[in-house]
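Engineer: Sequence:
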Amino acid sequence: MRTANPTLSAFGRPQTWADAHGRKSLADTNANVMTIGGTVTATSILLGVCVAGAVVSWGLANSATYAHLSWPIGIGGMILGLVLGLVITFKPTTARFLSPVYAAAEGLFLGVFSFFVGNAVAAKTGAEAGAGGLQIGHTLILQAVTLTFAITAGMLFAYASGIVKPGRVFRTVVMSGVIGAMLFFVVALIMSIFGNNTLISVYSPTNGGMISVGFSVLMVAIASLVLVLDFEFIASGVKAQAPKHMEWYAGFSLLVTLVWLYIELLRLLAKLRSGD
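Numbered continuously in the numbering used here, the sequence shown closes out at residue 276.
None of these hints come from the bench; they were simulated from the model. Note that CB positions come from ideal geometry on N, CA and C, so glycine has one too. One or more of the hints may lead you astray.
What follows is a list of derived Cβ distance ranges for each label pair [unchecked claim]:
| no. | residue 1 | residue 2 | range |
| --- | --- | --- | --- |
| 1 | Leu86 | Leu183 | 45 to 53 Å |
| 2 | Gly167 | Met210 | 29 to 37 Å |
| 3 | Val169 | Ser236 | 17 to 25 Å |
| 4 | Tyr66 | Gly162 | 49 to 57 Å |
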């Protein structure tokens, strides 16, 4: 099987797992294999680190003394997260060591991103950038976080109960959506470099137009469906007795999807608020 989340591609290469076990038979390594409980623990730790990083960078962005460091920290976190994400994706054995650092880097980026989304919406709606932006930011973040976990729980229930079955057609549709979204972003970015902001404008959190809002709804839907494929591949890894480090790799992969879902939800809520 193939997944719409590229970070989970390692679960489709079981022939590499024996090497990860030191070429021992998987039957001889039952105490050192991937489990659901271990995956939940790893994912929880990574989420905690990510939230802690976001709280720190949010505080810096809201500080009169250190506000000037917010953008360098945010952009630095984004770049570091991208680099570490690529390393972990191509070298899953590094997940147990690098995924916490990746989570912290993503948290630093999310905190700054969330802060400036709040201020942007405050400016668009006429509220004061300071107190008004902070209040709006708190509201948007709380709503986005709540919806992220609610959607995740809903997708997990739908998958576990068999309501949603990730068959071939399902995977093809979701993968097509993810690839289409990636291509659209690349084209929009290239056009913006040459001065045409028509496409890139749909990513603006203050663009409350129908097309922009509809685009965000579509992105939220795709990210939500990717969660089902994530659950499917994690379950496959546990069933196939993947090595222990794949618990951290699975947590990292889930975090990638959750961060994407949170960003899209925050952007959607900001657009709706801006359009009031």
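Engineer: Which hint numbers does the structure go against, in order from smallest to largest?
Structural biologist: 1
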